[in-house]
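With the hints as your guide, set chain F onto chain E.
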Amino acid sequence: MSENETLLQVRDLAVGFGKTEVVHGISFDVAAGETMALVGESGCGKSLTALALMRLLPRGASIRGGRVLFGGRDLAALPERALRDLRGNEVSLILQEPMTSLNPVLPIGRQIAEVLLRHKPMSRKQAWQRVLELLALVGIPEPQRRAREFPHNFSGGMRQRAMIAMAVACEPRLVIADEPTTALDVTIQAQVLDLLDDLRKTLSMAVLLITHDLGVVAQWADRVTVMYAGRVAEEAPVGPFFQAPRHPYARGLLGASVGESGDAHYTTRRLAEIPGSVASAAAEPGCPFAPRCPETIPACRVRPPSLEAVAAAHRVACPVEVAKR
Amino acid sequence: MTASATGSAPPPGRLLRAFARNPSFVAGSLILLAVVAVALLAPWLFPGDPQDMVAAPTLWPGQDPEFWLGSDSLGRDVAAGLAYGARVSLAVGVTAAALGLLIGAVVGAVGGYFGGRTDLVLVRLTELFQTIPTFILVIVIVAIGQPSAPVIVAAIGIASWPTVARLVRAQFRSLREADFVMAARSLGYSDLRIIAQEILPNALPPVVVTTSVMVANAILTEAGLSFLGMGDPNLVSWGSMIGDGGPMLRTAWFLTALPGAAIAVTVLSLNLVGDGLNDILNPRSLQQ
Numbered sequence: 001m002s003e004n005e006t007l008l009q010v011r012d013l014a015v016g017f018g019k020t021e022v023v024h025g026i027s028f029d030v031a032a033g034e035t036m037a038l039v040g041e042s043g044c045g046k047s048l049t050a051l052a053l054m055r056l057l058p059r060g061a062s063i064r065g066g067r068v069l070f071g072g073r074d075l076a077a078l079p080e081r082a083l084r085d086l087r088g089n090e091v092s093l094i095l096q097e098p099m100t101s102l103n104p105v106l107p108i109g110r111q112i113a114e115v116l117l118r119h120k121p122m123s124r125k126q127a128w129q130r131v132l133e134l135l136a137l138v139g140i141p142e143p144q145r146r147a148r149e150f151p152h153n154f155s156g157g158m159r160q161r162a163m164i165a166m167a168v169a170c171e172p173r174l175v176i177a178d179e180p181t182t183a184l185d186v187t188i189q190a191q192v193l194d195l196l197d198d199l200r201k202t203l204s205m206a207v208l209l210i211t212h213d214l215g216v217v218a219q220w221a222d223r224v225t226v227m228y229a230g231r232v233a234e235e236a237p238v239g240p241f242f243q244a245p246r247h248p249y250a251r252g253l254l255g256a257s258v259g260e261s262g263d264a265h266y267t268t269r270r271l272a273e274i275p276g277s278v279a280s281a282a283a284e285p286g287c288p289f290a291p292r293c294p295e296t297i298p299a300c301r302v303r304p305p306s307l308e309a310v311a312a313a314h315r316v317a318c319p320v321e322v323a324k325r
Numbered sequence: 326m327t328a329s330a331t332g333s334a335p336p337p338g339r340l341l342r343a344f345a346r347n348p349s350f351v352a353g354s355l356i357l358l359a360v361v362a363v364a365l366l367a368p369w370l371f372p373g374d375p376q377d378m379v380a381a382p383t384l385w386p387g388q389d390p391e392f393w394l395g396s397d398s399l400g401r402d403v404a405a406g407l408a409y410g411a412r413v414s415l416a417v418g419v420t421a422a423a424l425g426l427l428i429g430a431v432v433g434a435v436g437g438y439f440g441g442r443t444d445l446v447l448v449r450l451t452e453l454f455q456t457i458p459t460f461i462l463v464i465v466i467v468a469i470g471q472p473s474a475p476v477i478v479a480a481i482g483i484a485s486w487p488t489v490a491r492l493v494r495a496q497f498r499s500l501r502e503a504d505f506v507m508a509a510r511s512l513g514y515s516d517l518r519i520i521a522q523e524i525l526p527n528a529l530p531p532v533v534v535t536t537s538v539m540v541a542n543a544i545l546t547e548a549g550l551s552f553l554g555m556g557d558p559n560l561v562s563w564g565s566m567i568g569d570g571g572p573m574l575r576t577a578w579f580l581t582a583l584p585g586a587a588i589a590v591t592v593l594s595l596n597l598v599g600d601g602l603n604d605i606l607n608p609r610s611l612q613q
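So the protein sequences, as listed, match chains E and F.
Note that my numbering has the first sequence beginning at 1, numbered continuously upward.
Note that my numbering has the second sequence beginning at 326, numbered continuously upward.
Derived from the structure by calculation, the hints contain no laboratory data.
Be aware that a few hints might be false.
[As the list claims (entries may be wrong)] Within a straight-line C-alpha distance of at most 20 angstroms, the following computed SDA-like cross-link-like pairs (lysine to any residue) qualify:
1) E/Lys324 x E/Arg251
2) E/Lys201 x E/Ala31
3) E/Lys120 x F/Gly441
4) E/Lys201 x E/Val238
5) E/Lys120 x E/Ala14
6) E/Lys324 x E/Pro285
7) E/Lys324 x E/Gly252
8) E/Lys19 x F/Gly441
9) E/Lys120 x F/Ser515
[As the list claims (entries may be wrong)] Have a look at the derived ranges for each label pair, beta carbon to beta carbon:
10) F/Arg346 x E/Arg148: 21 to 29 angstroms
11) F/Asp516 x E/Gly255: 43 to 51 angstroms
12) F/Pro348 x E/Pro141: 40 to 48 angstroms
13) E/Lys125 x F/Phe439: 29 to 37 angstroms
14) E/Thr6 x F/Asp516: 31 to 39 angstroms
[Said to hold, decoys possible] To list a few chain E residues with every Cβ distance to chain F over 10 angstroms, as calculated:
15) Gly16
16) Arg84
17) Asp185
Computed from a prediction, not measured in an experiment: that's the story for all the values here.
Note that CB positions come from ideal geometry on N, CA and C, so glycine has one too.
Chain E with its partners taken away, still in its complex shape:
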């Protein structure tokens, strides 16, 4: 853990659809002002976790248990009305798809102004002034003119900047960014993430970055939490994680990515792969990764391992690794 105060504490959060549980009691912390990356492959429950934190789960999904402590309040149990006052004000969300996340019939500036008017005691005039400042802050040129334009006049990257302006309008303490750059091309992706990182510093907010891109994690995150099949596999500061990932799944992920070391590229060597598929986790009573793991011991197949510290601020859910300590 960093020496900063803890902003968000997630404890044993479980989320499910109908009879099936998808996120099985995960716990992690986000410290004030840091960027924490939640990584995992598609379907591992990371987006669902992000939505559960703000209680914005899709129809049919619900929180099964656990607590989401934010500034002394449990978001999982807070009345809807109190939660609404928090959303967009103290915690905000940046969605993946900038092309469809803005209301097509309202001018951009108006949409940002509405957030301010919803949460802050401001006049329309003050709000509009702030909108122009925010648009300039997120790097949209000619705010005066652009504020009056509609989303269809904006490119994907510009829309995502507008989305970020909306998310940070009320200077929240935590921004949850759910794959904010997946829909953008690589150069724009770097600009948008740099912007988010700058804003994090200037507005001293924390960012919970949901992603499946380890390159993004390496460049922009302070800490990383790896999820596999609805459980936390490993939790570590970015430096130690990329030097020596402890969980076999995390090692597999790094081995399978092209950017692991400078010369690694799919043209120079064959990428390592993780055998099997995530589907094998469904029937597994023990560690969800055991069916695909190269180093299983009998204890792995009995019950899901708990997260245990292997170094300072470095915890892993793997009995084999914990035994090596």
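Just chain F now, kept in the frame of chain E:
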């Protein structure tokens, strides 16, 4: 602009051009404007009560230049009747459609947005109303109340909302899952605000199209009621003129044909406007 629900809305200039280029919209709105003009100018064009017996009975059109569309069996001026009838038809049509629109939009929006049990109850209610033929329901309501303009408007409004409700519900069901609705939720907006500000403007295009057809249907229903003698007896309407002229169909057919034509032309113009709007507001037609 509320032009498109899904893709990119066109700039206002292009939308105006799209209106001007659409022949059925232009034709429909010109006819409709003419009818509206006649309705608005009726007190100046034909001063005095259109129910007054001012001419010799059953004058044929052109027989007396003062009553150029003739007079009916009681000596009432047909031209004045048509002009004042336009007022009644349009007023009843527009207010009844507005009432139907209001009820339908509220029911559809609430059911579509909240879903679940609320939706189930509202859908059953809508279906209940849909099983009763519109005209029969209107007749029953008017028969229970007084045959006065407000009751007729209410009756037509109550009988015509299910179409709108189903349409609005379908729109809300798809739009409530839209990313910008999720984004609005993540910003702390209330349900009411999301319904009114985020979803409704995006759901409007098909509703606008339906509204013009609803006005046409309301005019037809009102004419039907008046024809049956269930209209407001203090008002001249196209339907009551047809009803009055009915017994003289063989000797003075123009007494039914002229108001009939007025109804046909007005309803046609509204349908043309609806068709035109349908083409114009369809996002696919704007992509080029």
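Name the hints, by number, that the structure is in violation of. As far as the earlier hints go, 3, 5, 6 and 16 are violated by this structure, in ascending order.
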